[in-house]
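Construct all of the structure, not just a fragment, from the sequences and the given hints.
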Amino acid sequence: MTEGQPPEAPPEEVPAPEDTQYTPSIAARLAFAQRAGGVITPLLTAVFAFFVGGIVVLVTTGKNPLTTYRAIFDGTGLNWLFPWVSGAERTTAALNLQQTLLLTVPLILTGLAVAFAFRCGLFNIGGQGQYTVGAVSAVIAGAYVSTSHLPHVVLAIVVATLAGAAWAGIAGLLKATVGAHEVITTIMLNWIAFWTASWLFGIGGPLQVSGAGNESVPASETVKETAKLPVFWGDPFLQGLHIGFFVAIGALVVYWIILNRTTLGYGVRAVGFNPDAARYGGIPVARNYFLAMAISGGFAGLAGAMDVLGWEFRLDQTSIQASQIGFIGIAVALLGRNSAVGVFFSALLFGALLNGTSTTNLDPSIFRPELAQNLTLIIQGLVVLFVGADVLILYLWSLRRKVRRQARPADAA
Amino acid sequence: MTARVATASWADLRTGRAAGVIGIVLGILAGWVALPPISTRNLVLPVVIGVAGIAAGAWATTRGEKRVGIGAIVASLAGIVVAIFATRASVGNLELVMSWGALTAASLVYATPLTFAAIGGMFSERSGVVNIGLEGMMLIGAFFGAWGADTTDSWIGGLLIALVAGAALALVHAFFAIHLRADQIVSGTAVNFLALGITGYLYINIYGDRGTPPDLPQIPDVNLSRLQDVFFFGDAFGSLNLMIWLSIATVALSYIAMFKTPAGLRIRSVGEHPKAADTVGIPVYRTRYVAVVVSGMLAALGGTFLSIGFNHSFTENMTAGRGFIALAALIFGGWRPVGAFAAALLFGFSSALAQRLGLVESWQSYQLLFQTLPYVLTLIAVAGVIGRSIPPAAVGRPYVK
Amino acid sequence: MADEPILELRSITKRFPGIVANDGIDFDLRRGEAHALLGENGAGKSTLMNVVFGLYQPDEGEIRVKGEPVAMKSPRDAINHGIGMVHQHFMLVPVMTIAENIALANAPTHAGVLLDMDAAEKRVAELSRTFHFALDPRARIENITVGQQQRVEILKALDRNADILILDEPTAVLTPQEARELFAILETLKREGISIIFISHKLNEVLEIADRISVLRRGKLIETVPREGATEAGLARMMVGREVLLRVEKAPPEPGETLLEIDGLNVRDDRGLPAVRDVSLTVRAGEIVGIAGVDGNGQTELIDALSGLRRSESGRIVLAGRDITNRDARYVLDAGYGHVPEDRQRRGLVLDFSLAENIALHDYAEPPDSRFGWLFPGRLIARARRLLQEFDVRGGGPRTRAAALSGGNQQKVVLAREIGRDPRVLLAAQPTRGLDVGAIEFVHRRLVEERDEGRAILLVSLELEEILSLADRILVIYEGRIVGEFGPDVSEEELGIAMTGGGRETEAA
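Protein chains in written order, with our numbering: chain B, 1 to 413; chain R, 1 to 401; chain C, 1 to 509.
Accuracy of the hints is not assured; some may be wrong.
Below 20 Å or equal to it, Euclidean Cα-Cα: the simulated EDC-like pairs (lysine to aspartate or glutamate) are [to be verified]:
id, chain 1, residue 1, chain 2, residue 2
1, R, K275, C, D168
2, C, K73, C, E62
3, R, K260, C, E121
4, R, K260, C, D489
5, R, K66, C, E313
6, R, K275, C, D118
7, R, K66, C, D270
8, C, K250, C, D489
9, C, K220, C, E8
10, R, K260, C, D270
11, R, K275, C, D270
12, C, K190, C, E4
13, R, K275, C, D77
If you only want the chain C side, here are some residues facing chain R, beta carbon under 10 Å, derived [as the list claims (entries may be wrong)]:
id, residue
14, N80
15, H81
16, V448
If you are wondering where the hints come from, they were derived from the structure by calculation, not from laboratory data. These numbers come from a predicted model, not from an experiment. Yeah, the Cβ is synthetic: ideal placement off N, Cα and C, and Gly gets one too.
Spelled out as structure tokens, the structure:
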């Protein structure tokens with residue numbers, strides 16, 4: 001500080017009185033949380049959420065939460081990573097891990113969808129609808145087009161990605177042109193996708209599976225062999241892990257590159273942090289809202305394609321209506337703090353949780369899978385509440401600053 | 001401001017604005033003449049009216065009244081489309097779907113949960129706290145209403161327990177949004193997930209695969225025997241659920257509470273300029289807490305109506321986005337009770353229409369598609385109007401002392 | 001008895017992390033007097049009054065009201081002890097009427113349940129009549145003038161039976177004429193037995209209105225003196241601790257070709273009301289043109305229209321030979337426009353971006369920063385390093401987040417970016433707002449240097465002193481119109497009169 005007067009209020013980061021009306025954008029908040037909390041707070045938050053989940057188990061069912069979590073963990077196949085697991089146990093673990101990663105793939109992508117929008121200051125709560133639209137498009141492209149293998153796969157993926165982008169683009173366009181809040185529009189688009197997809201493949205629907213005996217099956221046609229993603233780990237007949245895993249990893253890289261190495265990403269981040277400054281800097285804010293939303297939807301649509309072309313191969317009403325992949329993407333993005341690496345690990349966590357609590361993997365005598373699935377929702381809610389609310393971080397950060405200030409009393413003079 | 005708007009519309013009467021409004025009316029008329037009781041079977045009349053509406057809209061647009069003008073054109077086109085469908089449908093089907101009495105009753109039924117939640121949202125947002133968690137608060141009300149009715153063997157018990165549950169969940173949102181200054185949209189989303197998880201968990205844990213018992217106590221209907229035989233009114237209002245009447249009473253009461261009492265004045269001041277409120281000694285945090293908790297209780301009432309007033313059971317995620325539609329109704333209604341109620345009726349009407357369209361034998365296969373109607377309508381409403389709707393100035397901003 | 005203090009502060013100390021804002025301050029206020037609290041920005045005046053009003057808790061010391069020691073835990077306590085405060089930023093709800101704002105604090109009711117707005121309106125009307133406030137109880141705050149809003153604030157305090165009134169920099173937002181009206185009102189209040197604390201850093205008005213004057217400097221009370229015998233020079237010395245002269249060394253301008261030409265410009269504000277009316281002006285290469293005016297007279301809308309951020313109704317703007325009327329910000333920037341915005345934290349910088357990224361804000365989408373949409377962070381950093389050095393930015397390098405810098409260094413980053421693009425025309429809006437003396441000097445010197453480089457500079461400032469020390473020509477804006485043009489030697493009084501909008505309404509001052 002120069003030879004001037006001491007400022008009336010504490011300097012710098014403490015906002016001046018007239019600044020209290022200024023609310024940081026969601027992008028700024030999360031960036032702050034990331035700087036302040038590093039990886040420690042998300043980890044702590046996750047542990048805390050599991051702890052609360054454990055209490056729920058104990059109180060409502062009287063079962064030992066540790067046994068329950070242990071059973072869930074064994075179902076995830078993550079014990080495959082332990083070198084001492086061997087023999088038949090290892091084989092089972094490998095199968096389980098393939099299933100976990102199978103779920104991690106779409107979660108990475110829907111997580112990226114939410115994260116990308118966050119970086120532009122938008123809350124894309126419509127990942128579920130974009131995922132559905134992508135899945136439906138992939139089924140249509142996979143089942144009704146005939147071509148050779150590689151072009152077919154590529155076509156189905158591209159169509160699904162574009163469809164997801166277009167679906168989210170509606171919300172982006174409404175935000176950019178009339179300022180309609182994306183939270184409401186994307187939720188509405190979710191339900192429109194939900195019912196339209198249910199109708200398309202429902203009984204009497206226009207795209208219901210054809211053939212004798214199928215009249216009462218509310219499902220789509222199965223995609224052709226040429227549209228299926230090859231399996232690279234495990235048995236294709238036992239739902240091995242398909243190459244979509246590498247697509248998801250690639251998407252993480254693309255996400256990072258777009259944001260940090262392209263002018264598009266620069267614009268998106270500038271708008272996300274401070275739309276006023278961006279507008280003043282000559283950056284077209286409305287266009288960035290639209291683009292960010294469309295790209296975000298593209299990731300979610302791609303997620304739908306991965307599931308359909310990788311292991312589901314067809315859509316039925318139940319799976320459309322029960323899917324939560326897009327919603328979990330919100331928790332994935334928040335827990336992963338919008339960073340590519342973070343999204344990977346939190347997608348893995350939720351993938352494991354989903355798989356570990358699935359009906360096939362969780363022994364009902366230890367804990368009912370239906371209950372465990374709702375437990376996952378509770379844990380997800382707690383994660384969003386605590387990570388999204390960046391409470392712990394704010395608290396720790398203020399502590400740290402106090403300590404720092406006391407360590408430098410010389411500043412005052 | 002009021003004065004300015006009034007003078008502006010008076011001056012505009014002879015210019016584009018009036019033409020636009022007339023265009024919208026013509027558009028509605030174009031569709032209406034093809035429906036019962038008039039049921040014109042010839043397309044000429046609706047098309048002529050509709051084209052006139054489009055012309056009026058175009059005139060308004062050229063005179064600088066873009067929004068109204070485009071609204072008129074859209075309304076007129078929609079009217080013509082409705083007329084085309086109506087004239088092509090059989091008279092029998094038409095009368096089955098467009099039975100005005102039953103349609104009104106159904107609209108009220110579908111509007112009721114929306115009304116409760118939207119009014120609840122009004123309290124929260126007028127105090128400056130965005131409540132995306134309405135959906136979750138409705139859902140928790142739906143479950144605990146059903147569970148409470150089941151355990152106390154009384155629908156009143158159900159209502160009371162639902163109120164407590166809604167208040168508790170709202171308290172979580174309030175604590176994070178007000179005290180910890182969390183991002184209110186994120187915290188509301190978390191509340192929604194929590195509600196989904198908690199209700200799903202308890203539902204499975206308590207009711208397992210059987211579902212809620214079939215003899216669940218129900219909120220009674222109010223039978224107005226004198227009305228029964230009166231044309232239209234009998235079908236529309238003759239035997240509505242108690243909660244529907246309660247929701248209408250809530251609209252009136254909340255209008256008085258918000259605009260005619262000191263408490264309402266305080267809530268509004270806290271949502272517009274919390275610092276100003278603080279400096280005159282109004283406790284900002286406490287006011288916001290109360291408003292958010294009230295919003296949770298009202299949303300829970302809406303949910304309770306769904307489970308023990310309307311569906312006679314609880315199912316997982318049964319609110320199906322209604323909390324968000326209620327939010328849209330709130331915005332559409334300009335953060336005012338009567339406006340929100342009108343918007344809820346509009347959205348309720350679209351649900352009712354979807355349901356009645358599904359009654360037609362030959363359209364059975366479209367039944368699921370009709371379900372999108374309320375969501376599409378909400379989307380259009382959000383796109384068309386909301387940019388114009390001015391929210392409370394401090395909504396979404398945590399207050400720092 | 002009349003001399004018994006109604007309010008007494010005994011050795012009040014208030015510390016913030018790293019700073020002692022108030023250091024053992026003793027202060028007393030007598031019944032019916034106007035007591036001025038004089039000091040520079042940051043001397044601790046507002047902190048002290050926030051302590052009195054219960055917004056801050058003192059770390060040490062005692063507050064006595066009418067002889068009783070009291071604890072001010074919140075504004076409510078202060079209000080209960082008869083203290084009212086008129087903040088610099090008005091604490092009024094804009095969408096509500098005057099009566100509603102009054103009723104907020106103290107609502108009359110029917111039977112304790114329903115609001116009695118008639119009673120509230122009647123009360124406002126009565127008070128307004130008693131003190132000659134001329135307020136319409138049903139007018140909405142957003143539709144009345146700033147001076148009227150201030151009277152509502154005073155009314156609000158009076159309505160709650162305040163006998164101590166704190167006014168925080170009350171004239172900062174007023175035109176000289178409105179200030180005169182305020183002083184008349186304060187005289188009335190004093191006659192009614194109300195005691196007034198008047199916070200200010202303006203010597204002349206303190207000498208005009210105060211009975212006693214307390215001077216604060218760097219958190220300490222220097223002296224309390226009666227008005228009789230106090231002189232501007234003496235007070236200034238106490239305030240600053242040394243003689244100050246804020247005049248910038250500069251040579252006479254050598255104006256060249258016209259680089260900015262605004263012709264008949266009309267712009268509306270956010271509410272759709274005319275804000276800029278028929279403004280015409282020119283700025284030539286090598287001169288600084290200052291726009292003086294009280295806040296809210298169309299400056300913001302003029303700046304926005306010029307910067308491509310707001311559409312104009314009619315008129316023309318030509319910048320370095322290119323018509324930029326209603327073109328977007330991108331086009332205007334490319335035409336050779338540089339802009340130091342009014343609010344550097346909200347507009348000038350993306351606080352979460354690094355300095356290198358901030359410096360690239362206008363040019364990131366063009367070579368050499370990027371090519372075919374691909375960004376080259378290395379080039380951003382290299383340029384930032386060069387500019388940061390040239391503009392003497394301290395406290396961080398190209399990778400530092402902008403939020404981590406002090407206000408003065410943040411402003412230097414903005415200057416570095418804008419000047420680094422070599423603009424033909426530079427708009428500086430409030431370029432030294434909230435900066436310390438050293439940074440102010442830097443900014444002023446740099447602006448003069450850029451003028452001498454041959455740029456056309458348009459300076460918009462609310463600080464008359466800044467305008468007077470920098471501008472070669474001065475335009476006064478009032479209610480959206482340019483109402484006068486002056487040379488650099490114009491007196492502050494003359495400008496002040498023009499800023500009230502009526503050169504003809506001059507009264508003996």
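Verification of the supplied hints:
{"no.": "1", "hint": "R:K275 with C:D168", "result": "holds, 16 Å"}
{"no.": "2", "hint": "C:K73 with C:E62", "result": "holds, 13 Å"}
{"no.": "3", "hint": "R:K260 with C:E121", "result": "holds, 14 Å"}
{"no.": "4", "hint": "R:K260 with C:D489", "result": "violated, 58 Å"}
{"no.": "5", "hint": "R:K66 with C:E313", "result": "holds, 17 Å"}
{"no.": "6", "hint": "R:K275 with C:D118", "result": "violated, 26 Å"}
{"no.": "7", "hint": "R:K66 with C:D270", "result": "holds, 18 Å"}
{"no.": "8", "hint": "C:K250 with C:D489", "result": "holds, 14 Å"}
{"no.": "9", "hint": "C:K220 with C:E8", "result": "holds, 16 Å"}
{"no.": "10", "hint": "R:K260 with C:D270", "result": "violated, 30 Å"}
{"no.": "11", "hint": "R:K275 with C:D270", "result": "violated, 23 Å"}
{"no.": "12", "hint": "C:K190 with C:E4", "result": "holds, 16 Å"}
{"no.": "13", "hint": "R:K275 with C:D77", "result": "holds, 16 Å"}
{"no.": "14", "hint": "N80", "result": "holds, 8 Å"}
{"no.": "15", "hint": "H81", "result": "violated, 12 Å"}
{"no.": "16", "hint": "V448", "result": "violated, 39 Å"}
Consistency note: the structure conflicts with the earlier hints numbered 4, 6, 10, 11, 15, 16.
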